[in-house]
Amino acid sequence: MADQKASTSIEAVESGLAAQGYIASRQIATAVYLSQQIEKPILVEGPAGVGKTELAKAIAAWRGKKMIRLQCYEGLDEAKALYEWKYAKQLLYTQILKDKLGEVLGGAQTLHAALDQLHDFGDVFFSKEFVEPRPLLQALEQPGGCVLLIDEIDKSDAEFESLLLEILSDFQVTIPELGTVSAITPPTVILTSNSERDLGDALKRRCLHLHIGFPEQRLEERIVESRVPGISQTLRRQMVGFIHEIRSLDLKKLPSVSETIDWARVLVLLQASELDTDIVKDTLNVLLKYEADIEAATPQVTTFIAKAARSNVFG
Amino acid sequence: MRENLHRFFRAARGVGVHVSPAESIDAMRAVSQVGFSDRAVLRDALLLTLAKSQDEKLALGDCFDLFFSQPEPRQEQPESADQDASQDPDQAPSSGAASDAGGGPQQQELGPLAQMLLSQDRNAIAAAIASAAGAASLSDIRYSTQRGIFSSRILDAMGLQRLRDELDELTASNPALAERLRGALDALREAVRDTVSQGLALYAREEAENLRNDILRNAPLARIERRQVAEMRALIRQIARRLRERYSKPRKRQRRGHLDVRRTLRRNAAWGGVPFLTAWKRKHRDRPKIVALCDVSGSVAQVSDFFLLLIHSLHEVVDDVHSFAFSSHLIEVSEILEAKSPEEAMAEIMSKVGFGSSDYGSSLVDFEKEFMSTLTPQTTVIVLGDARSNNLDPRADILRRISERSKRLVWLNPEGRLAWGFGDSEMPRYATFCSVVRQCATAQQLERAVSDIVATYQ
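Residue numbers (my numbering), protein chains in the order written: chain V, 1 to 315; chain W, 1 to 458.
Only chain V is shown next, with the shape it has when bound in the complex (with noise of 0.2 Å):
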């Protein structure tokens, strides 16, 4: 029975996400839907491009829950990130308060009456009342849950995180002033990394991971139909497959998903109906994005087109 149902609910994710625009493969739909029933985070790695920030904003679309973006940078820290005191608020509220202040104090005899009193006091300027909270602590006080996107944790420092740790496995947080807060609704988390350095073991075991990789070409089909509805098919099989064979080169940078979109986009304003050899050369700068990698391709412009226009006769 429990099997059943899982393979009905992971189509369901599917075609869920299908519906806010992100073809998912079965992999991806697997990932979401493991994440939601053992409620853990998901780490999602892969070339530039392919989709991973993307299916953070299609899950909290497809639910229905707000999207809270973390932007992770070299030197991102706790105050940026998790909570900060309203500092500013914190000296005004003492400027208005000081005849108060006079008031509380005037009562006590002593130096040390007054420290007294004074200790209660000094605990009101740190309460919740002057928190500013950062992506990370709004996204555990959102009473629906919501979707956390901690986008590019490897361009982050390794202290950073340590401070997720906490967060990924027990979805709370710990203010040294005000205690433990926990999380409303558990938040669903997805990290994504480009690979720049190697995540920390203990980040990693927290968290179910996702490789992305480039699609299949009936996936990256549909992919580019969902999202150029304009396109014609053989028009889409053709970019697809030319792409395809674009990947098989030693480049610096290999044309991801979002390059293959924005292509369709091209072609379909410059209305072709088919690939052909001037109009690839024109355009190939929106596929590749270094000289050098242009260079190399050219040359194999023709070949590659035919190469693609052969695989739809069999496709």
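If you're looking for bench data, these hints aren't it; they were derived computationally from the structure. Just so you know, nobody snuck in bad clues.
Derived CB-CB ranges, DEER-like:
#1 Asp260/W - Gly21/V: 53 to 61 Å
#2 Ile25/W - Glu166/V: 18 to 26 Å
#3 Pro176/V - Glu209/W: 45 to 53 Å
#4 Glu132/V - Trp280/W: 19 to 27 Å
Taking lysine-lysine pairs in the DSS-like style, the calculated list, with each CA pair at most 27 Å apart, reads:
#5 Lys252/V - Lys340/W
#6 Lys57/W - Lys57/V
#7 Lys57/W - Lys155/V
#8 Lys100/V - Lys128/V
#9 Lys340/W - Lys253/V
#10 Lys281/W - Lys155/V
#11 Lys57/W - Lys252/V
#12 Lys80/V - Lys281/W
#13 Lys307/V - Lys253/V
#14 Lys253/V - Lys57/W
Some chain W residues close to chain V (C-beta under 8 Å, calculated; not the full set):
#15 Ser20
#16 Ala22
#17 Arg29
#18 Gln33
#19 Ala45
#20 Thr49
#21 Lys52
#22 Lys57
Remember, it's a predicted structure, so these values are computed and weren't measured experimentally. All residues carry an ideal CB built from backbone N, CA and C; glycine is no exception.
Put chain W on the given structure of chain V with help from the hints.
Just chain W now, with coordinates in the frame of chain V:
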């Protein structure tokens, strides 16, 4: 089935995927969500929870395919009943075998194993092998030498003894049937052998690899066999990765030092010394700069080869490396090593300077004449060689000047301490000017030596 999953985790560890208890619990939870009915989904679920990198995913995927290509022990019966069936030959295994055996009246008296073999029911045989393999705890197999013993254990568990007795009887009473049975038994033996080999491939990888690596780490580099060179290179790369991980990370964190009081006060003079802006001392750290002089004459060449490979795979940790190779004279080899694969590079170096009789004196003269300027006060100079100069002038005075110009001078000698100073070894004379002299004959010693050198910069 849980038993099977545990065996799979063990096999996964064998292919190098790190499966901690926590991860296996996660995998269990995931599997209980998706169930076993759809193999592709099960595969995805295990890959998602266990593998932590793309390489691990590939390895684990292969492992999964190999593991589940085995016939599974029968599911209808609980595990214990299964074992009973196979251990106790008197009890008929399961429905099919006995009924459709057919044939002569003698067959009715035969044991279950004989009947199963004669019936040629492949599924039943495969299932029986699998459950017998479970009874013989095949997953404990560690070394290829254990193949025989596990095969016979499995056959025993399937009731070989009774089959043999029956064969003896049949040879007299019904030779034709005995012949058939014998043929089937040979086929069975083969099938069991295959099962054991597969088990070995699945479960013994981890142990065998650890053992081999252990031996390799402590094997003398100079006398390594040709077929092991590739393995040793892989090991050296592993060592390099470990050193990189250890020494490239903490640099950033340690950069910021204490509060720089003087600069803070000066900077905040405009606010009457109230420290609005802070200034911090920055610890200055040198990246390791290494100049390596490697003897590539006959006896030491192999060690130099591995040493150069190690040093040049430490890009992230070591800022710049200048490598020089010498035997009778000295040349710079950094560019060759950077541009070519280790095998090609070493071949080229050898063709240029290798295999001469070593002359430390003139090699040092070459170095002083041309490359002395590569030395800075931040440089660590590493000399790798046995200091056997064929009774030629050792020119220890040049080594002294090298030592004075550099941060440290480390001498790595592949020979044992006992041999230093005997015969034409000039080690004691050179040792005077070295910061450290250490033996470096095995991969392990090599790792420690390089690790210590890099650590002085942290």
